[in-house]
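Protein sequences, first through last, are from chains A and B.
Quick note on numbering: numbering that gives the first Met the number 0 labels position 357 of the first sequence as 356, and the sequence is numbered without any gaps.
Quick note on numbering: numbering that gives the first Met the number 0 labels position 317 of the second sequence as 316, and the sequence is numbered without any gaps.
Read the hints as simulated data drawn from the structure, not as lab findings.
Heads up, a few of these hints could be off.
What the hints assert, rightly or not - Calculated Cβ distances over 10 angstroms to all of chain B for the following chain A residues: (1) 3; (2) 21; (3) 33; (4) 53; (5) 73; (6) 130; (7) 242; (8) 281; (9) 288; (10) 300; (11) 315; (12) 327; (13) 337.
What the hints assert, rightly or not - Okay, derived cross-link-like pairs now, DSS-like style, lysine-lysine, Cα gap no bigger than 30 angstroms in a straight line: (14) 88/B <-> 193/B; (15) 133/B <-> 95/B; (16) 133/B <-> 210/A; (17) 294/A <-> 306/A; (18) 193/A <-> 306/A; (19) 357/B <-> 95/A; (20) 334/A <-> 312/A; (21) 210/B <-> 95/A; (22) 210/A <-> 10/B; (23) 357/A <-> 95/B; (24) 210/A <-> 357/B; (25) 294/B <-> 95/A; (26) 210/A <-> 193/A; (27) 312/B <-> 331/B; (28) 10/B <-> 210/B; (29) 294/A <-> 88/B; (30) 294/B <-> 88/A; (31) 309/B <-> 193/A; (32) 294/A <-> 95/B; (33) 210/B <-> 133/A; (34) 193/B <-> 95/A; (35) 210/A <-> 88/B; (36) 210/B <-> 88/A; (37) 88/B <-> 10/A; (38) 309/B <-> 334/B.
Note that CB positions come from ideal geometry on N, CA and C, so glycine has one too.
2 protein chains.
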Amino acid sequence: MSETTHREAEKHRESTEVSLQQLGNLIYEQIQNREFPWVMMQSRSTDNIIYDPDLRQYILGSRTIRRHSRNIRHIRPFTQLIWTAWFAKELVSLRKTSTLREVYYSARGQQDIEFSGQQESDNIITDLEVALNKPREDFGIFPEERSAIFGDLTIEYTVPGYEGRRMNLTDHPDGVMVGPALTSSEFVETSADKVLVIEKGAMFTRLVEEKAHDRFNAILVHTAGQSPRSTRNIIQRLNRNNGLPIYIFTDGDPWGVHIAMVIISGSANAAHLRGLATPEAKWIGVWASDILDYKLPTENLTENDLKRLKELKSDPRYKDEIWQREIDIFLKIEKKAELEAFSRYGLTYIVDEYLPAKLESI
Amino acid sequence: MSETTHREAEKHRESTEVSLQQLGNLIYEQIQNREFPWVMMQSRSTDNIIYDPDLRQYILGSRTIRRHSRNIRHIRPFTQLIWTAWFAKELVSLRKTSTLREVYYSARGQQDIEFSGQQESDNIITDLEVALNKPREDFGIFPEERSAIFGDLTIEYTVPGYEGRRMNLTDHPDGVMVGPALTSSEFVETSADKVLVIEKGAMFTRLVEEKAHDRFNAILVHTAGQSPRSTRNIIQRLNRNNGLPIYIFTDGDPWGVHIAMVIISGSANAAHLRGLATPEAKWIGVWASDILDYKLPTENLTENDLKRLKELKSDPRYKDEIWQREIDIFLKIEKKAELEAFSRYGLTYIVDEYLPAKLESI
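This is chain A alone, in the form it adopts within the complex (with noise of 0.2 angstroms):
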């Protein structure tokens, strides 16, 4: 089982160094065809990212682009994806991970690289996953994590001094932090017949310490706010491979809201990319309706509340019964609740009456 992991993270870090290989190939092979070098990629103007309803999340159109070193507006975008596509390579190769802002910081120390600052270079970053078609943690580049999960899973990990190396995600009762060792990882086993996904972390604490886990039988996810993409892989993968179904439970404003639907349909951003989006994943509170059934203590929405819902309201991913049903009410009380909320009937009412409440009418 061990060799089976290694070998198999081995293969995907191979296939990618054997990508952006042949990304450098293709460079020098034109430069001796005496060709000005470009490179070919899916356009991701707005107008080409398209809502794909059997797919359930939004994904680029046909239309392609050429960035060609003969036009003078592309050199330097051009010269900047072939640096960022050395860089990762060298990440691939010495089987390290870094940051998006390490690679920013990185080509300042470059004489002829420039960036304008960090979004320029995170943009670049995201050409080169079009271009090759594939998500940058599979260069080694990550976002600063903030996640968590904790639950009966084993993990075997694949990052270099661990490998074939299993940790349970009990062994940590404060949660096990989600970085590149935890997202590399193998899932090998797990009890649980459930995920939990909770947006913030004194609440998944509060179900650390009620030993939700056990209770509903479930691994908890916590994403800190918006998921990182990481952590939206991860549950993917609890749902597609274990066949676990997923339970999102969010703070009761638009905000929250589009935190779980970011988890089911993705993003525009991230039009490029699969198996990020999680569409039989549910959002299962706290429901605007939930305000009014629990007579939660509530804030008014205040006036940039209202405009989000408004924009959710007509974005597709937001068609379907319940997404409207819930935007309405919040529209027509015009308050919104906190996660914490509930503490009002104590602090374990939300494992002993809600949850379970909320689990067996779904």
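Given chain A's structure and the hints, the job is docking chain B onto it.
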């Protein structure tokens, strides 16, 4: 060993429970004696917060206040304080933890306890700390955690369900989350001879990946910005009980400087508490002089940065020569640099060159 650890944790818990009971008994007695009940505590007003050069931290002066239910303006905070003490007593008796936010919402479930917002409730929790001379962590009240730790340190848990179980903090290569379980654990054994404290997650991940814990024989602590109190307490224990020197490594800007200072000398807000400041800890960078010596990529200091530097310059905690010197250089060059800026010399420069040189020079 395990039995002793468990007994000590239990004794600590019981002494907190007794303090809370004594507070309750005092109120009962006053009422039975037909007095209006009152509580005596040290004043937390700014004129009673004094910098103690011997302890090298802020402390409360000798002025006390009496919160008296005979005074109509005191009835509200007095009632809030007694409710909060009751809530803390419940947490301690039931061996539960809670967050500042949950305490606020729990109060909202009570008909007669009113907090106008979380700030008022946080403030009353601080009053309870002062009244009982104990940190809120003893009452099981924690902030939302974001910190992490990594390195050869074996801990033994004292939280329910994990009593006597041990974990080595190298077990999860993404770093181990600092939460109630880690904070309340015993530090059993370490082969490390120093602690490196890092402000940012990306640099923490870099150091783990470059095996800085092995190469520098260090425990790595990630504060995630301004360190939560529990993390400062862990740093202090590693210094005082395990005898490990502490080296703090932050962004080269006034905010990074102050993250280091709060670890070293504490904050005015926590003047009523001991066990948080580590006067022996050293700030090793990024210094303003490093920006020049290492020709780091920089950003310009903003108006706000400059204003903050001037405040720090006249703060009594900053009177020592190194702080005054570095603040003066910042003010002169009007530049700042982030930890990641060293990536311009390659991802491993920081562990291969900068950190060894810095540790040598100190």
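Quiz item: Which of the stated hints cannot be reconciled with the structure, identified by number in ascending sequence?
Solution: 13, 14, 18, 24, 28, 31, 37
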